[in-house]
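Trainee: Residue numbers (my numbering), protein chains in the order written: chain L, 1 to 282; chain P, 1 to 242.
Hints in this document: simulated from the structure, not taken from any laboratory. Think of the CB as a built atom: it goes at the ideal place given N, C-alpha and C, for glycine as much as any other residue. Do not take every clue at face value.
[What the hints assert, rightly or not] Taking beta-carbon pairs under 7 Å as the criterion, some of the chain L residues facing chain P (in silico):
#1 Asp61
#2 Asp102
#3 Thr103
#4 Ala104
#5 Val143
#6 Gln146
#7 Ala154
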Amino acid sequence: MKSLAAFPVLAMGGAICYPGATMNFLAGTWAGEWVAGLGRVAMLSRDAFLSLLTFKVAWRDLLYQIYFIGIKSQSVVLVTGGFTGMVLTAQTFFQFHKVKMDTATLAVVGVSMCDELGPVLTALMVAGRVGAALAAELGTMRVTEQIDALRTLATHPVDYLVVPRLLATTIALPLLTVESIALGIVAGYWVGSSLLGIDPAYLWANMLKYTTNIDIFFGLTKAFVYGGIIALVGCYKGLTCGLGAEGVGRATTEAVVYSSIAVLITNFFLTLVLQRIAVMML
Amino acid sequence: MIEVRELTKRFGTQTILDGVSFRIEAGESVAIIGRSGGGKSVLLKHIIGLLQPDAGDVFVDGENITRMTERQLLRVREKFGMVFQGAALFDSMTVAENVAFPLRKRRYSAAETERRVGAALELVDLPGTQKKNPAELSGGMRKRVGLARAIVYEPQILLYDEPTTGLDPIVSDSIDKLIIRVRDQLAVTSIVVTHDMRSARRVGNHVIMLHDKKIYANCTPEKLFASADPVVRQFVDGVADE
């Protein structure tokens, strides 16, 4: 059997297709399809990475994608960050008040928002909005033969479609995450000091004391990785979607579901890896 | 020169093409005819490397394109222009942006790009439509814009995938005349996939007929349309099975 690296990017069924070599005993099974799908996403990632290295990027499209993913996602990300910070402050206060630790409330909110809630919730919201849009856009292009047209015009779909979207998402998601974290902490501060009656000076000072640069590094690293996952899954689902309206609909749904699940699973392992790195650095 | 050798293509368990071989010389104009679902478009997509065969080879100017990667194929595809059945215009772009798309890599000045786009649209009888969106165009106009996009960079080979399907007879006639005009003015090799007999007779100086997954006839239009062979006659006369 040929190794995966020996396969060229083949064209099957009118779409760019990344054939996966699976072990024979898995062939035709659900597990085999799943492993083959992971292999194809990995090959798409490799193609996108090679394209990046050779600067075959459509820069004008990159700017548009940053606008679409970054600017157009502002409202949903700000609402998510703000209200998550507020409810986390309230819940933390209700528990901490019992043990007279009221002023530590915002410290918990700060660390939680930076390490977990900021990057994960922002990624889930962006997966819903951007992942679906990417799959629908590329899927529609596939069923209307626009991707085939690109290929006949000597343009590689990965260079023209995938790389700008991948770059834009990995640039925009960390920025959106910073916004979400900042608004979450500020909203939490307002709830704590104005509605719950916690001393504002101690509230803020404790947050600054316990929320470190490492937490911000965790959040930004996670956002960068999740941006890559959302873009790759969305583009892959669009480029390989089934024919017709049903195919596009299914690709859109799967892009959101798979990228959300991938974000949640990756979050667990990434947390362990980043913690280990943090321990080694300190 | 395009040469197809023993080409076989299957989708799942269904065989679409089975050992198809033919050769098209530079400058020739060939019509590929056959029943709907008979593998005409599949054959056309193999010629430009959009599909990979299960067996057999496709040679373009002596190069075997069936063993090439997608990136290697990009170089070969610069020789081709293709007009799709549904035009396949980029719906996020205007007509001018669609036609100018293949010129991006050629680093022409803005004025030169504009001039070439204008000339291509002039050739397909659509001057002044640069700022329109594809959604504003009729089916015939979309195909003309698709043709303008395919010829703007002066390719050596033009592929047409059912260019007159879904159009009324008058628009179909104008598209046929356009194909002949482009063929004669640009001296390109033309391959036209069609099941429109009038179109096949006019645009091809050679006709390839696909039947039952194989090439059934490969001759001049005059010879094909004068044939007494029952399979050819049934298709040419458009008679359904009893």
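Trainee: All hints are to be evaluated individually against the structure, with a verdict given for each.
Mentor: Cross-check of the supplied hints:
no.	hint	result
1	Asp61	violated, 10 Å
2	Asp102	violated, 54 Å
3	Thr103	violated, 53 Å
4	Ala104	violated, 51 Å
5	Val143	violated, 10 Å
6	Gln146	holds, 5 Å
7	Ala154	holds, 5 Å
Of the numbered hints given earlier, the model fails hints 1, 2, 3, 4, 5; all others are met.
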